[in-house]
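Participant: Chains as they are written, first to last, in our numbering: chain G, 48 to 316; chain A, 48 to 316; chain P, 48 to 316; chain E, 48 to 316.
By construction, these hints were calculated from the structure, which means they are not laboratory data.
Accuracy of the hints is not assured; some may be wrong.
[Said to hold, decoys possible] Covered stretches of chain G, going by a simulated chain A footprint (3 or more residues, C-beta under 8 Å):
id: 1; region: 56 to 68
id: 2; region: 158 to 165
id: 3; region: 223 to 229
id: 4; region: 298 to 310
The beta-carbon is built from N, C-alpha and C at its ideal position, and this holds for glycine as well.
What follows is each chain in one-letter form.
4 protein chains.
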Amino acid sequence: MNFQSLQNFSLSLRNNKLFELFVVAIIIISALLIGAKTYRVPDHYLSIIRILDWVVTLIFLFEICIRFIADEEKKRFFTKGWNIFDSLIVIISLIPIEDSEMAFVGRLVRIFRVLRMISIVPELRVLLNSLLKALPQLGYVVLLMFIIFYIYAAIGSTIFGAINPELWRDITISMLTLFRVMTFEDWTDVMYETMAVYPFSWIYYLSFIFLTAFAFLNMVIGIVVSVLEDEHAKEREEKEAAEGKPTIEDLSRQIEELKLMISESRKVD
Amino acid sequence: MNFQSLQNFSLSLRNNKLFELFVVAIIIISALLIGAKTYRVPDHYLSIIRILDWVVTLIFLFEICIRFIADEEKKRFFTKGWNIFDSLIVIISLIPIEDSEMAFVGRLVRIFRVLRMISIVPELRVLLNSLLKALPQLGYVVLLMFIIFYIYAAIGSTIFGAINPELWRDITISMLTLFRVMTFEDWTDVMYETMAVYPFSWIYYLSFIFLTAFAFLNMVIGIVVSVLEDEHAKEREEKEAAEGKPTIEDLSRQIEELKLMISESRKVD
Amino acid sequence: MNFQSLQNFSLSLRNNKLFELFVVAIIIISALLIGAKTYRVPDHYLSIIRILDWVVTLIFLFEICIRFIADEEKKRFFTKGWNIFDSLIVIISLIPIEDSEMAFVGRLVRIFRVLRMISIVPELRVLLNSLLKALPQLGYVVLLMFIIFYIYAAIGSTIFGAINPELWRDITISMLTLFRVMTFEDWTDVMYETMAVYPFSWIYYLSFIFLTAFAFLNMVIGIVVSVLEDEHAKEREEKEAAEGKPTIEDLSRQIEELKLMISESRKVD
Amino acid sequence: MNFQSLQNFSLSLRNNKLFELFVVAIIIISALLIGAKTYRVPDHYLSIIRILDWVVTLIFLFEICIRFIADEEKKRFFTKGWNIFDSLIVIISLIPIEDSEMAFVGRLVRIFRVLRMISIVPELRVLLNSLLKALPQLGYVVLLMFIIFYIYAAIGSTIFGAINPELWRDITISMLTLFRVMTFEDWTDVMYETMAVYPFSWIYYLSFIFLTAFAFLNMVIGIVVSVLEDEHAKEREEKEAAEGKPTIEDLSRQIEELKLMISESRKVD
C-alpha cells in the first residue's frame, strides 16, 4: 500500500510539466557549470562550482529514482537505451574522484551530461531517431567510400611515400591526407608538391575528388530525398484514411452495388 | 471634411505606382550615399552628400506620414512590424548628431535604411516570409547542433587547452575554433598541432566533421524539401478547386444519386 | 531558278548529319588552335597555326552563308540570338589585325569561337535554356543577397576600415572581402585580425555566414526543386493525355450519361 | 559424367553462403596485407607477408576456376565485365616479379584486388550501377563545364600568363588553376596577385565561380532528383499493380458494363 502511493506520487511527478521544466533547467545549469570550469576562475568560485556540481548530481539521482519507481514494469526499465545512458552518467558522477588522473575522466563524463537534454526533450529525440533511421541505408555508401579511400591511400603511400613522409608515410596517414584533400583543405599544396616529381599526379587528385565528392553528393541527396518521400507518402495515406475521403476502391465498391441493384431489379421484373 | 480629402489624397498617392517607384529610387540613392561615404571623398563633395542625406531623410519622413494618414485604422498602424521599423529608422535619422561618438551610431542607422527596400518591394517581402516560415522547424536542429558544439568545445578546451590557448582557451573560443573546423577553414593546421601531442586526436576532428556536416546537410535538405512539398500540395489543391475539376468525392456523390434514382424507379414499379 | 537550286543545295547541306559533324570537328580544331597558341611553340609551327586559323575562319564564313541561304525567311534570320552571335564572331575574325593591341582583342574573340559548340549541339542548347529559365525566378534572391552584402559591406568598411584598408578600404573592396568570407576562403584570418581590436566582431562574421550561406542554400534548393516539379507535372499530364487514359472527368461524364439513360428508361416506363 | 559431377560440386560451392563469406574474408586479408606493406615492417615479417600474398593469389585463382566451371555457358563467361576484371587481376598477380621496376607495377595491381569487394558484395554492385546509370545524363553537363573551363583558361593564360607563369603558363596549367579556384582553395591569393596588375580582374574570377558553382549545383541536383523521381514513379506503379488496387481505368470499364446492363434491361422491357 505504502509503495503503491509512492509509485503514484512518482508517476504524477514524472508526468508533471513543471518537473520536466525543472529538470531541463538543471541540465542547462549543469552545462553552464561545465562551461564555467573551462575559464580561469578564482579559487573561491571553484568551490562554489564544486558544490553546485554535487547538487546537480543529487538532483539527477533523485530524478532517475523517480523515473524508475514510476515505471510500471521495472524489468523493462533498463532495456531502453536512454535509461541506461542516464543511469550510467549519474553513477559515474557519484564516484568520488580525488587523484588528478581520475578527475580528468570525471570531468569528461560530466560533459556528456549535456546529452541528457536529448533524452528529456521529445522533439530532439524524434530528430535523432530520424537521423539514425537513415544510417543503415548509408552503410554501404560508407563502405564504398572507404574502399575508394583505401585504394587511393595504398597507391598514394606507394608512389608519394618518399616525397613527403609527413603526408604519405603509411596507409593511415595517407587516408587522413586524402580526407583533407576531399574537404579541399590546402589540397593544392599537397598536389603541387607531388607534381614537382610526377608532373601527371594531378590525375590522381582530380579523379579522387570527382569520385568521392560527386559519388558522395549523389548518394547522400538520393537517400535523404528517398527517406523523405517515403515519410510523406505514409503521412498522406494516414491523413486520407483519417479524413474518411472516398478512395478509388470505395468508388469501385459503390459501382458494384449499383450493378447488383440493377440486376436485382431485372429479376423482379 | 478637410482631413477626409487629405486622407483620400494620401491613399491615392500611396497606391500610385509612380510614387512607389520614386520611393524605391530614393532608397537606392540613399544606399549609394552610404556607399559613397566609405570612399575617401574631397570635403566639398562631403557637404553635398550631407545635404542629399537630409533630403532623403525628409522624403522618408514625408512618405511615412502619407502612409500613416492613408491608413484606415490608425491604431493598427504600429502593430505591423515593417511600419515600426520604417518609423524608427526615420526618427533616429532625424536626431541631429554632432559629436563623433553619436555620429558613428547615426551612420550605422543610416545603413539599415537599405533594408527599407524589403519593406517596399512585395516580392522581397514574400521571399523573406517564406524563409522565416522555415525557421521554427529549424529551431530544434539548431539546438541539436548547439549541443554537439557545446560538448565538443568542452572536451576540446579540457584536453587541448594547454596546447594552444589561442584556439582552445575557454569554451567560447573553442566553439569558434570548431565552427572554423566545420567550414574546413585551415582545419588541418588545428588538427596537426594537437596530433603532435595526442596522435589519435584526429578521431575528435573527424567525428565532429561527420556529425555536424552530415547531420546539418541531412536535416536542412529534409526540411527545405518538406516545406516545399507542403506548399506544392496546397497550391495543387487550390488550383484544382479553382478549376472546378471533379474530385473522387464528387464521383462518389454522383454514384449515390444514381443508386437513389434506381431504387426510386424500383418503387415506382 | 538558279538561286532556288542553290537554296535547295544549302538546305540539304545544312540538314546533312555529316556536314554537322564536319562543323563540330572544325570547332574542335579551332579550340585546339586556341589552346596551342598558349604554349611556347617554335616560329615555323606558329605560321602553320596562323594558316589553319584562316582556314577555320573561312569554313565558318562558308557555313554561316550556307545557313543564311538555306533559311526560308531571310528577315527573321538575324532575330535569332545564336545567328547574330555566330555572324559577329566570324566577321570580327575576318578583320585583318596587324598591330599588337588589336591582335590581343583578335585573340580574345577567337576564344569565344568555342562557344559555337553550344550553338551547334542541340543537347547543349537545351541545357543552357533550362538554366536560363530558372534565372528570372532567381532574380529576387540575388537582389536579397546583394542587399545583405551591401549592408554588411557598409558596416564593415565603417568599423574595420581603419584596421586593414587592404580588405575594408571602401564598400566595393569590402563586398569582395565578404564574398571571400562566404566561400570560407581564409575567413578566419580576416576575423582574427578584427577580433584583436573588437573582440566581439565574430558576431559580425558568423551572422553574415549564416544569413548568406543558409539563405542561399535554402532558396537555391527550393527554386531548383520547384522548377523541376513543374516540369514533371507537365510531363505527366502530357503523357497521360497521349496515352488516352481515362481521367476523373471522363468518369464523371460517363456517370452523367448513365443517369440520363436511367431517367429516360423511367420515362419510357 | 566425371566433369558433370565436378560442375555440380562447383555450382553448390559457388552458391554456398559460407564460401562467399570465406572469399570476402580473403579479400579483407588481401587488403590488410596491402596496408601492412606501406608500414616499415621488419624483414622476417615481410617474408610472412610475401607467403600470405601467394596464398591469397592461389585462393583467388581457385575461386575464379570454380566460378568458371560452375558457369552453364562457358562462352558467355568472359563477356561479363566483372569476370574479366577478376581474371585479369589474378593472372597479373601470378606473374613472378623479381626486378624492382616490375615489382612496383605488381604492387599497384595487388592494390586493385580490393575492388573485388564490389564484384562479390551484391549491394555494392547495385550502388555502383545506380551511379553509372546517372552518368550518361551527366555527359552533356560535363561537356558544358569543360567548354566554360576551356574558354576561361584560354582567356586566363592570354591575359595573366606574364604575371605568374606558375599558374597561367599554358591552357592545361590554367585549367588546373581554375579547378583550384572552383574548389575555393586559396583562390583569393590567385585573384589578389592578378588584381595588382589588372584591378578589375575580380570580374573574371567571380563570373567564373558563379557560372561553374551555380550551374554545377543546379544541374547535379536537378539530375539526381529527376533520376530518383523516375525510380519512385516506377516503384509506385509496380506496387499498385501488385496490390491489385482498382485504377481509374477499371472504374471506367465497370461503368461501361453498367451502361450495357441498363440498355439491355431496357431492351427486355
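Participant: Now look at each hint and say whether the structure bears it out.
Facilitator: Taking the hints in turn, this is what the structure says about them:
| no. | hint | verdict |
| --- | --- | --- |
| 1 | 56 to 68 | violated (count 0) |
| 2 | 158 to 165 | holds (count 6) |
| 3 | 223 to 229 | holds (count 3) |
| 4 | 298 to 310 | holds (count 7) |
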